[in-house]
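Residue numbers (this note's numbering), protein chains in the order written: chain A, -6 to 781; chain B, 919 to 1119.
None of these hints come from the bench; they were simulated from the model. As the structure is a prediction and not an experimental result, all values here were calculated from the model. Cβ coordinates follow ideal geometry from the N, Cα and C atoms, glycine included. A portion of the hints provided could be inaccurate.
[As the list claims (entries may be wrong)] Quick list of the computed label-pair ranges, beta carbon to beta carbon:
no.: 1; chain 1: A; residue 1: Glu610; chain 2: B; residue 2: Arg1025; range: 42 to 50 Å
no.: 2; chain 1: B; residue 1: Gly1015; chain 2: A; residue 2: Ala91; range: 43 to 51 Å
no.: 3; chain 1: B; residue 1: Pro1035; chain 2: A; residue 2: Leu249; range: 52 to 60 Å
no.: 4; chain 1: A; residue 1: Glu179; chain 2: B; residue 2: Ile1021; range: 14 to 22 Å
no.: 5; chain 1: B; residue 1: Gln1008; chain 2: A; residue 2: Ile643; range: 45 to 53 Å
no.: 6; chain 1: A; residue 1: Ala532; chain 2: B; residue 2: Gly1015; range: 44 to 52 Å
no.: 7; chain 1: B; residue 1: Asp1073; chain 2: A; residue 2: Glu62; range: 29 to 37 Å
no.: 8; chain 1: A; residue 1: Ile224; chain 2: B; residue 2: Arg1025; range: 47 to 55 Å
no.: 9; chain 1: B; residue 1: Ala963; chain 2: A; residue 2: Glu610; range: 38 to 46 Å
no.: 10; chain 1: B; residue 1: Gln1008; chain 2: A; residue 2: Ile141; range: 37 to 45 Å
no.: 11; chain 1: A; residue 1: Arg545; chain 2: B; residue 2: Asp964; range: 37 to 45 Å
no.: 12; chain 1: B; residue 1: Asp1073; chain 2: A; residue 2: Gly499; range: 30 to 38 Å
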Amino acid sequence: MRAPARLLRILGWLAMVGVLLALVVKADYSADMSVFLPRSPTPEQALLVDQLQDGTVSRLTLVAIGGGEGELRAEVSQALVARLRASGAFELVANGDAAALARDRDWLFAHRYLLSPAVEAQRFEVAGLRKALNETLDWLVSPAGMLIEDLVPGDPTGELIQILERLERGQQPRREHGVWVSRDGEEALLLALTAASGSDLDAQEAALAQIDAAFAELREALPGASSLRLIESGPSVFAVASRATIKGEVTRIALLATLIIVALLLSVYRSVPVLLLGLLPVATGALAGIAAVSLGFGVVHGLTIGFGATLIGEAVDYGIYLFVQRGGASSEAGALADLWPTIRIGLLTSVCGFGVMLGSGFPGLAQLGLYSTTGLIAAALVTRWVLPAFLPAKPRLRDLRPLGEMLASALPALARLRWLVPLLCVVGLVVIWTHRDGLWNDSLLALSPVSAQAQALDARLRAELGAPEASALVVMDAPDRETLLRQCEEVARLLDALVEEGAIAGWDSPARYLPSQATQRARLASLPEQDVLASRLAAATAELPLKADRLRPFLADVAATREAGTIGPESLSGTSFALAVSTMLTETGQGWRASLPLRAASDPAGELGIDVERVREALASVESSEARLRLLALKRESDALYAAYLSEAIVLSLIGLAAVLLVLAVALRSLGRLWRVVLPLLAAVLTLTGALVLAGESLILMHLVGLLLVVAVGSNYALFFARGQGAPKPRTLASLLFANLTTLAGFGLLATSSVPVLQAIGITVGPGAVLALLFAAMLSRAPKVRSL
Amino acid sequence: MIQAPDLMITERFQILAVAAWLAVVPACAVFAAGFDLNALMALLADHPQGRVGFVETRYLALLDRPIAARGELVYLPPDRLERHTQVPRQESAILAGDTLTLIHDGRRRELSLSEHPEVALLIGSLRAVLGGDRDALERDFSLNHAGTPEAWILDLLPRDPEALPMLRRIHLVGRGGQVELVETIETDGDRSVIEIGDKRP
């Protein structure tokens, strides 16, 4: 190459890198895990994802205090609540203290005539009063009599009982020493609702740190409290922890992989400048990848960078092929000319493999697809056109010929074992067939970076706090809150009928705690004026043992309620109903949304599902022009979501596979050679899948993506063996071994990750690449060693 | 539920056993030292399972005249007490272990005594008396008793007046192992009297 041409290429490359750097610096980065939630499949699934990301539930943290004595735990619980309430970072903190219970009860009692569904005009006429008073008398001689007798003078018609009987509050947590405790009494329990949005992970992290700090201070301050420990759970805890885990693991794995690969390369190149040159294609590729993702998606996920670098680690191999060949070739032209066609096909197959990820419904996977295809192409171009311009005429590489000849002499031995390949294929097939039922992990949770242990802890705390997860939600949208609450009241009648039928066991609604203004006004209108009520009460009590003059507080309270008028959401503040309402009632960008949880009936044999079809049918009868009404069966939707991921992954893998085969067929122009390339890959996939199944690994869709990568990366190796008439030259063999080792280093380390998505890819691609090379060698045509 | 014939046999056997024991040791320490609390508790603990009628009458300042409820009480040692009211309305309260189940109008409500100490005081105390569980009673009440095994009275005074401020004391009257009357007296003078009648088949 002449000097001016060389300079031109280098300058061109530098200009390119400059542009890419500018794009990379300008890009937006995020570490939000939501990119691993699907984009927006069906409206129901979009709703589900919405609930997961931004619902009130995503702001709820469950806290347990364990260790030490019960009284001390209660004391710490009280002090912790006081501090957290004062911090301002939380909308609500509750631990079931007596004061809160009393506040709730007082609030219900104060607003009983607005909240009780029994309040209507008839109830306050003589006959209606008599009926209600008779019922109250029955309550007085019931086992609960002594507990309600003090309420009778103010509430002789029993409105508080009417309200309490309808409250769907699930099972309340157990209380001891005045606070909520776990069922075994060994932990004090708290609930904290952060003020910041669930998707604002930095704010969530800060709020959690505040809980930790307040607890640590109390532990210091109170005598004997050093034995106490704090356990936190909930969506924000998971999200913050996952983010930290992924950050940590990506950093650790990327560092380790880089170290190993650098050490491997250094042992071959024996020169830091050559090593740096060898990393040039990967570095350029990474820049190009990030720039492309930033342009294509607007935001770059941290995981894409960390993980993507591993995917395009394959580009390191290009450098190896070039340098090792160059080390031997006598002329510059001979260096790549010999290998370039093979590398090009390998590149094309890899691009096909990675490219299908672009079609994925996970924005995270699609980003990876764009990153890796762009990165690989850029890396290959740099290897082809720029790298030679930088190279000294004759780099002093370690002579790999001895190693290559050793490998070549081992080939015949390997080739004699070629019968093993079909055998392993058959064994793999049999294993897969016999395990076909439990092959795929059918839970969406398998993709979650949250450990099974943490999930179990969360389920336990949730159950202890009497917050069982709803089986389904009725989701309603309306332009304003009043319309929405009226819609809730409409639907309430229907849901009551469904409870009677047994289609559902129970339900909750914000309108229970905050009736619509229309309903409140109607209830107020049904309350008579004081004089009228007094004379009707006298008539109603005439033949009853109740004394009318003892019921004066009733007359006063009714008059006061008429005076005070309706209540709004601000009235709830300070009560635990505020949490219930804010969980169910949220303001969206377009208006208001209510999510009414439905509870499934359960019988001694276990949990029964909700009769979704029946509920859907019943809801369909509600006609409304102003509100939109949908049923979200949570389990069913999340199952459907996962099934959609899986079938998407299968379709994408098949498309990728077909594309790889097509590229190979076109390039090789011979069915026989195509077969020789494909067979080792097929054998690697079958053997690996069988081994994973036997090892008890249940497959998630990332394994499938991994298998596709095995095909894409492995085809590079197989191509070298299928090329020409015989086995590759010793020098090529050696470079293949090194290329394989770098792949193993990069992906093998991913297999140690505790993040299931990363682990699944690593455990598949690392061993898969080794198997592909091994099988390609075993099936290679020329058992005889040929001299160069 | 209880099998009536078995009940009768058990009961007769226990009465015979108690009678025999009384006959054998008429002059031993129990009577010599007077009728002490342990002896009363032993009598109560020996009380067989059974189904008896009851009438509860409530005298309240709120009311012109007392109101009454009647029904059946079922006690199954050691920790199950059922109250089935028939008049004025059908309802049941079943205390088993820590759980009180209220059944009324086709609705079931469960509550735990440890969460509702006031309910535990009112209803758990009767169960503790029927079971002769002195430890349980003494946790919440100071106990005073008088009389003979044939006719005794037992007063329960709450140890912690804050636990259920309206409760002044519970006064029980009995004969042998049988509780015949439970009177719950409130601080404002209101009271409730449960008369426990004959055994029912």
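Do the hints match the structure? See the list:
1. Checking the proposed 42 to 50 Å range against Glu610 (chain A) and Arg1025 (chain B) shows it is violated: the Cβ atoms sit about 26 Å from each other.
2. At roughly 24 Å, the beta carbons of Gly1015 (chain B) and Ala91 (chain A) sit outside the given window of 43 to 51 Å.
3. One distance hint, 52 to 60 Å for the beta-carbon pair Pro1035 (chain B) and Leu249 (chain A), holds here, with the actual separation near 59 Å.
4. Between Glu179 (chain A) and Ile1021 (chain B) the beta carbons are some 32 Å apart, a value that contradicts the proposed interval 14 to 22 Å.
5. Between Gln1008 (chain B) and Ile643 (chain A) the beta carbon distance is about 60 Å. The supplied range of 45 to 53 Å is therefore violated.
6. A hinted range of 44 to 52 Å holds for the C-beta pair Ala532 (chain A) and Gly1015 (chain B), which are about 47 Å apart.
7. Between Asp1073 (chain B) and Glu62 (chain A), the C-beta spacing of about 34 Å keeps the proposed range 29 to 37 Å intact.
8. The given range of 47 to 55 Å is broken by Ile224 (chain A) and Arg1025 (chain B), whose C-beta atoms sit roughly 36 Å from each other.
9. Distance hint for Ala963 (chain B) and Glu610 (chain A): a CB-CB separation of about 58 Å, inconsistent with the stated range 38 to 46 Å.
10. Under the hint 37 to 45 Å, the C-beta atoms of Gln1008 (chain B) and Ile141 (chain A), about 19 Å apart, miss the expected range.
11. Our hint of 37 to 45 Å for Arg545 (chain A) and Asp964 (chain B) is violated, since their Cβ atoms are close to 51 Å apart.
12. Separation of Asp1073 (chain B) from Gly499 (chain A) is about 44 Å and departs from the stated range, judged on CB atoms against 30 to 38 Å.
The earlier numbered hints that this structure contradicts are 1, 2, 4, 5, 8, 9, 10, 11 and 12.
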